Amino acid sequence: MNGWVFLVVGLMLTAAAGMALFRIARGPSILDRMIASDMLLTTIICALGAEMVYNSHTRSLAAMLVLAATAFLGSVVVARYVSRSGHK
Amino acid sequence: MSFDVIIDLLTSVFLILGAFLSLAAGVGLIRFPDAIARMHATTKPQILGLIFILTAIALQERRWSTILMLVTLLLFQMMTAPISAHMIGRAGYRTGVVAPGSLLVDELAQAIERAQDEQVDAEHPDLRADSGERNESPD
Numbered sequence: 081m082n083g084w085v086f087l088v089v090g091l092m093l094t095a096a097a098g099m100a101l102f103r104i105a106r107g108p109s110i111l112d113r114m115i116a117s118d119m120l121l122t123t124i125i126c127a128l129g130a131e132m133v134y135n136s137h138t139r140s141l142a143a144m145l146v147l148a149a150t151a152f153l154g155s156v157v158v159a160r161y162v163s164r165s166g167h168k
Numbered sequence: 198m199s200f201d202v203i204i205d206l207l208t209s210v211f212l213i214l215g216a217f218l219s220l221a222a223g224v225g226l227i228r229f230p231d232a233i234a235r236m237h238a239t240t241k242p243q244i245l246g247l248i249f250i251l252t253a254i255a256l257q258e259r260r261w262s263t264i265l266m267l268v269t270l271l272l273f274q275m276m277t278a279p280i281s282a283h284m285i286g287r288a289g290y291r292t293g294v295v296a297p298g299s300l301l302v303d304e305l306a307q308a309i310e311r312a313q314d315e316q317v318d319a320e321h322p323d324l325r326a327d328s329g330e331r332n333e334s335p336d
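If you read the sequences in order, they're chains V and Y.
Mapping of the first sequence onto the working numbering: residues 81 to 168, in sequence order.
Mapping of the second sequence onto the working numbering: residues 198 to 336, in sequence order.
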């Protein structure tokens, strides 16, 4: 497969992760930061998948599965904390 | 064009589509004005972008064990993404992150109002407008 495809994919995913990091650092409320960190996690899952296609192996599948299954716990906990304390 | 070339081409297209959705979500995360709009942008790669990436993996590794794992992964993501989105949206609504003017229809406000009315009725039956006679009857 062409190398430039993976270059483009890698650049896009890196830019997405960078924008998510910007929102995590900047975000006016905790919830914006949680949304951005959810998005960062999704980008990481996508990057793991793209890397598996690039190197044609399937060793990262378990890591992707665990990330997809447990990604919601963090945002649920933070959302509960925010709505209990009324903290912004 | 041989079979492998077509498969490689399809894989490239799916990978680029998935990465593009991630990039679009990143742009939306930066550009959109409030938390709900940002959440709308970030849900795009969570399901559709992941489907594209997983399709690319399935096209490259055409084995049943891999495809079964990918379907499980997608099912987990489809089950858990709405949970976190729901919790974050609810918390955002309660803490006032959502600007009231940005909502065209606000069904949650009506539901909350109804629930509060019922609670007041249950706690103070004498405050109801139609129970004025009951207040005077003991005298």
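Read the hints as simulated data drawn from the structure, not as lab findings.
Here the structure is a predicted model, which means the values were calculated and not measured.
Note that CB positions come from ideal geometry on N, CA and C, so glycine has one too.
Hints may be right or wrong, so weigh each one.
As the list claims (entries may be wrong) - If the Cβ cut is set under 7 angstroms, some of the chain Y residues that face chain V in the computed set are:
{"hint": "1", "residue": "Ala232"}
{"hint": "2", "residue": "Thr252"}
{"hint": "3", "residue": "Arg259"}
{"hint": "4", "residue": "Met275"}
{"hint": "5", "residue": "Thr277"}
{"hint": "6", "residue": "Thr292"}
{"hint": "7", "residue": "Val295"}
{"hint": "8", "residue": "Leu305"}
{"hint": "9", "residue": "Gln307"}
As the list claims (entries may be wrong) - Label-pair ranges, simulated between beta-carbon atoms:
{"hint": "10", "chain 1": "Y", "residue 1": "Arg287", "chain 2": "V", "residue 2": "Ala143", "range": "23 to 33 angstroms"}
{"hint": "11", "chain 1": "V", "residue 1": "Arg106", "chain 2": "Y", "residue 2": "Ala296", "range": "24 to 34 angstroms"}
{"hint": "12", "chain 1": "Y", "residue 1": "Asp303", "chain 2": "V", "residue 2": "Phe102", "range": "58 to 68 angstroms"}
Verification of the supplied hints:
Checking Y:Ala232 against chain V: minimum C-beta separation of about 5 angstroms stays under 7 angstroms; hint holds. Proximity of Y:Thr252 to chain V is violated relative to the hint, the smallest CB-CB distance being about 10 angstroms (cut-off 7 angstroms). At its closest, the beta carbon of Y:Arg259 sits 11 angstroms from a beta carbon of chain V; the interface hint therefore is violated under the 7 angstroms criterion. With a cut of 7 angstroms, the hint placing Y:Met275 at the interface with chain V is violated, because the nearest CB-to-CB distance is about 9 angstroms.
For Y:Thr277, the interface hint holds, since its Cβ comes within 7 angstroms of a Cβ in chain V; the closest pair sits about 4 angstroms apart. Here the hint on Y:Thr292 is kept, as its CB sits about 6 angstroms from the closest CB of chain V, short of 7 angstroms. Checking Y:Val295 against chain V by beta carbon gives a least distance of about 10 angstroms; that is not within 7 angstroms, so the hint is violated. A cut of 7 angstroms between beta carbons decides the hint on Y:Leu305: the least distance to chain V is about 13 angstroms, and the hint is violated.
Restraint check, Y:Gln307 versus chain V: the minimum CB separation of about 19 angstroms is more than 7 angstroms; hint violated. With their beta carbons about 30 angstroms apart, Y:Arg287 and V:Ala143 fall inside the hinted range of 23 to 33 angstroms. The hint said 24 to 34 angstroms for the Cβ distance between V:Arg106 and Y:Ala296, and at roughly 18 angstroms that hint is violated. The hinted window of 58 to 68 angstroms between Y:Asp303 and V:Phe102 is violated, with their beta carbons roughly 30 angstroms apart.
Hint compliance for this structure: hints 2, 3, 4, 7, 8, 9, 11 and 12 are broken, all remaining hints hold.
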